[in-house]
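Colleague: Residue-level listing of the chains:
Protein chains: 2
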Amino acid sequence: MQEIKNVGLLGGGVIGGGWAARFLINGKNVTLYDPAPDAEAKVREVLDNALTAYHRLTLAPVALRGELKVVSSVAEAVADADFIQESAPEREDLKRSLLAEASRAAGPDVVIASSSSGLLPSRIQADCVNPERVIIGHPFNPVYLLPLVETLGGVKTEDQSLETAEAIYRSVGMHPLRVRHEIEGYISDRLQEALWREALHMINDGVATTDEIDEAVIYGPGLRWAFMGTCLTFHLAGGEAGMRHMLHQFGPALELPWTKLEAPELTDELIEKMVTQTEAQAGDTPIRALERLRDNCLISLMQGLRGQDYAAGHTLRQYEELLYEVSHGAAMTEESDLSQPLRLHQAQVLPEWVDYNGHMTESRYLQVFGDASDALFRFLGIDKSYHADGFSYYTVESHLRHLREIEEEAPLYTTTQLLAMDDKRMQVFHSIYDGRNDRLLATAEQMLLHVDTGAGRACPARSDILANVERIWAAQQSLPKPDGAGRAIGQGMN
Amino acid sequence: MQEIKNVGLLGGGVIGGGWAARFLINGKNVTLYDPAPDAEAKVREVLDNALTAYHRLTLAPVALRGELKVVSSVAEAVADADFIQESAPEREDLKRSLLAEASRAAGPDVVIASSSSGLLPSRIQADCVNPERVIIGHPFNPVYLLPLVETLGGVKTEDQSLETAEAIYRSVGMHPLRVRHEIEGYISDRLQEALWREALHMINDGVATTDEIDEAVIYGPGLRWAFMGTCLTFHLAGGEAGMRHMLHQFGPALELPWTKLEAPELTDELIEKMVTQTEAQAGDTPIRALERLRDNCLISLMQGLRGQDYAAGHTLRQYEELLYEVSHGAAMTEESDLSQPLRLHQAQVLPEWVDYNGHMTESRYLQVFGDASDALFRFLGIDKSYHADGFSYYTVESHLRHLREIEEEAPLYTTTQLLAMDDKRMQVFHSIYDGRNDRLLATAEQMLLHVDTGAGRACPARSDILANVERIWAAQQSLPKPDGAGRAIGQGMN
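Chains as they are written, first to last, in the numbering used here: chain X, 59 to 552; chain W, 59 to 552.
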């Protein structure tokens with residue numbers, strides 16, 4: 059495919075603005091027509107959001123590389139366009155006349171896509187010049203982030219037009235889904251609309267509120283729908299026998315009033331279709347492996363949402379606080395053996411810690427050492443209330459040696475030796491070992507400074523904490539200095 | 059609430075096994091009855107999966123802290139239980155008689171919950187002794203990970219029984235949703251079932267396959283459903299005017315055949331209910347802030363899935379490869395000014411980089427330095443094919459100084475000075491600056507070693523790469539050594 063440079067957009071609302079952002083960030087020039095007087099300001103607002111989002115989304119180089127021009131007619135918007143995307147309000151007459159006008163002003167081969175979320179392409183292409191290049195390209199809000207775009211043509215559309223549009227969508231990071239039959243609502247909105255209408259019924263009947271309806275999705279089925287659709291999900295719910303067992307178990311429920319939508323009859327033919335198609339989806343992957351994939355995805359999602367402290371991420375955060383409260387093993391007692399480096403923390407290398415070489419990425423070493431320091435703080439008796447009072451140890455300096463590569467899933471544990479201390483400082487030496495063979499993988503020497511976080515300056519630790527530090531120091535000060543302590547970088551070079 | 063110790067479970071399938079795992083990991087003893095001869099083996103398999111999952115899910119201390127006993131009668135399973143959860147197949151007669159038997163054998167006050175996904179509690183509690191303690195507690199697969207559990211009672215259920223169960227569910231990390239009206243299918247499964255029946259219709263009509271139906275969810279609406287339900291999502295799709303505009307725009311579509319489910323009439327009363335309830339959900343948060351929250355959640359999800367290289371995460375990964383290919387600015391040219399430390403990388407502090415103190419967590423410093431090294435490698439001409447050929451620079455040693463706290467959203471840039479080199483090594487000094495005021499925030503001195511990754515040993519860099527390193531060295535070798543270079547930890551202490 060020849061790369062396109064100029065995109066003509068018709069409509070600059072929530073959807074049109076989203077298209078503008080996606081194309082501009084991907085280096086396409088955008089010429090946009092919208093009759094609203096504040097169209098440009100609104101598009102620029104979406105663009106700001108989108109650019110912020112892309113800088114968070116990826117460390118790959120992204121920037122506003124295309125130029126935005128807002129014009130006052132359809133003809134100007136499409137005159138130099140290599141591709142046209144229409145996002146006017148969802149009215150058939152309006153779209154039909156807009157597309158017709160665009161088709162007369164644009165080059166004869168330029169593909170024209172409509173963002174319609176459910177109208178039939180055969181109808182809206184009807185008045186166009188060269189209707190064979192008119193297609194539906196239905197995106198989802200926010201258009202600059204969500205990858206899905208449904209593509210379909212009308213009776214007059216040529217396949218080549220769909221292929222051209224799909225290549226363009228892929229080049230700006232999207233996932234085109236070809237809808238092979240021309241149906242109203244297409245595929246995605248039929249599913250969304252069924253759920254939406256059922257929600258409206260429940261609210262209309264007064265049996266649930268919008269908030270309850272949303273909760274019923276986001277803490278449960280919605281987490282799965284982020285990466286596994288309803289068909290593959292139900293295949294897994296069926297256990298080893300998959301979809302067939304699932305249909306056997308829940309087939310009778312299709313006749314119950316569990317929704318206001320009447321189900322199709324569960325004929326043998328439909329059962330075979332469901333089973334064959336879902337098995338094709340699962341491919342050679344055994345159910346157990348799919349379950350692990352599902353679990354890994356769910357965990358990554360919940361960890362992502364924990365960062366936002368929202369929805370299931372909020373639940374996880376609260377649960378973790380509970381787990382730390384329940385755990386009593388971590389604090390120092392009279393019986394603790396302090397005479398050797400302290401083994402206070404263990405972890406397993408997660409898939410997201412691993413880089414393209416298949417090894418734990420370098421910053422995760424420091425994360426594990428940081429977790430070892432946190433374990434030391436808990437061991438000393440530093441808890442949430444200590445932090446709430448405005449005191450904390452900060453790391454001011456670290457010296458790391460990456461001695462061996464660490465691969466995914468490796469079980470790790472750490473040891474911590476106190477090298478020096480005073481009332482404000484601890485100089486510690488952490489080591490990471492492989493839990494399977496006790497092999498030393500990495501070391502970190504760190505200087506930890508006790509800080510009054512409100513005043514922003516160093517201050518002595520509280521007396522009970524300091525007493526615990528001194529107990530460790532009394533037990534460890536005569537231990538030999540570990541290999542690598544006190545080093546500077548590049549000894550033996552230059 | 060008094061903490062419970064012993065849980066009686068009836069049924070050890072996919073759901074019952076999931077309950078067993080969740081309770082055992084949270085320190086409850088589980089006594090389980092299931093008539094299948096291989097019940098224990100199956101439950102232990104789920105338990106293995108769950109334990110692996112929890113070790114990935116959280117760094118908080120989790121372990122198998124409860125004891126599992128599989129018994130051969132209902133009476134044994136519930137005799138010592140402080141709480142009972144039934145997860146038999148979804149047949150009313152079966153559940154009804156199981157619960158009745160359990161109620162006779164259990165203590166009179168012990169709450170009995172059924173995992174039913176849609177049966178009416180009034181009917182299944184009918185034959186129980188002390189039916190006031192019988193409730194529905196409907197979980198979602200995998201039960202050990204998904205937080206949602208719908209709770210509701212029948213006509214004879216006391217509120218206190220629901221509250222007791224909800225407290226127990228919360229203590230094991232779940233999110234109870236009280237269903238306030240006794241309806242078949244409850245809330246969550248009515249929504250799921252509407253979508254499912256629509257999917258069955260599409261497959262029955264031959265207009266889409268299970269694979270297409272799943273794609274139509276996971277690349278678009280499903281990503282939003284992981285954290286924002288359909289009501290709040292549509293509120294945002296309406297722009298500034300929210301749900302009211304949304305209903306105005308898409309109200310007419312409710313009469314179109316966009317699903318086989320007939321919608322309720324969109325009366326003024328229904329519109330007011332929808333608008334009032336959604337506005338209450340949004341609370342004081344302006345639409346723009348909700349949009350940013352939505353974007354942040356979507357980004358975190360897509361990044362999480364990228365780690366799994368699955369669904370939208372696969373799309374993102376492919377897109378990033380494209381972005382790196384398109385970007386040409388990063389490579390060294392004849393014109394590059396090498397006489398000063400090289401400014402090769404910039405970044406913005408993301409919300410998930412920030413710890414409970416509101417500052418960038420320590421491992422993220424090393425991540426930014428690692429990204430600066432990656433930018434240096436690209437600058438030198440090292441690309442994917444170089445890695446594919448089996449060559450790479452590894453970090454073997456790092457010395458970090460955390461000079462200032464860095465807060466969320468801060469724009470950062472890095473500079474890199476070459477301190478020494480030979481054909482296998484580069485000794486570099488990276489600095490992180492605040493982009494708003496050029497203040498120095500942190501430094502890292504690193505030793506980078508060129509490695510034959512297949513053989514697992516150091517080797518000289520390819521001649522063209524080495525020539526570029528030498529060009530930088532020629533330009534920088536007479537620069538003054540930066541402050542902090544060559545330091546060891548703890549100078550001035552002891």
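Hints were generated in silico from the structure; no laboratory data involved.
A hint or two may mislead.
You can't tell identical chains apart in this list, so a pair holds if it fits in one copy or across any two.
Claimed, not checked - DMTMM-like mimics (lysine to aspartate or glutamate), calculated; alpha carbons at most 25 Å apart, straight line:
(1) Lys318 with Glu242
(2) Lys100 with Glu349
(3) Lys331 with Asp541
(4) Lys442 with Glu465
(5) Lys442 with Glu221
(6) Lys539 with Glu98
(7) Lys318 with Asp263
Colleague: Take the hints in turn and mark each one as holding or not.
Modeller: Hint check:
no., hint, verdict
1, Lys318 with Glu242, "both (20 Å within a copy, 11 Å between copies)"
2, Lys100 with Glu349, "between (44 Å within a copy, 14 Å between copies)"
3, Lys331 with Asp541, "neither (65 Å within a copy, 70 Å between copies)"
4, Lys442 with Glu465, "between (33 Å within a copy, 20 Å between copies)"
5, Lys442 with Glu221, "neither (57 Å within a copy, 28 Å between copies)"
6, Lys539 with Glu98, "neither (66 Å within a copy, 50 Å between copies)"
7, Lys318 with Asp263, "both (12 Å within a copy, 20 Å between copies)"
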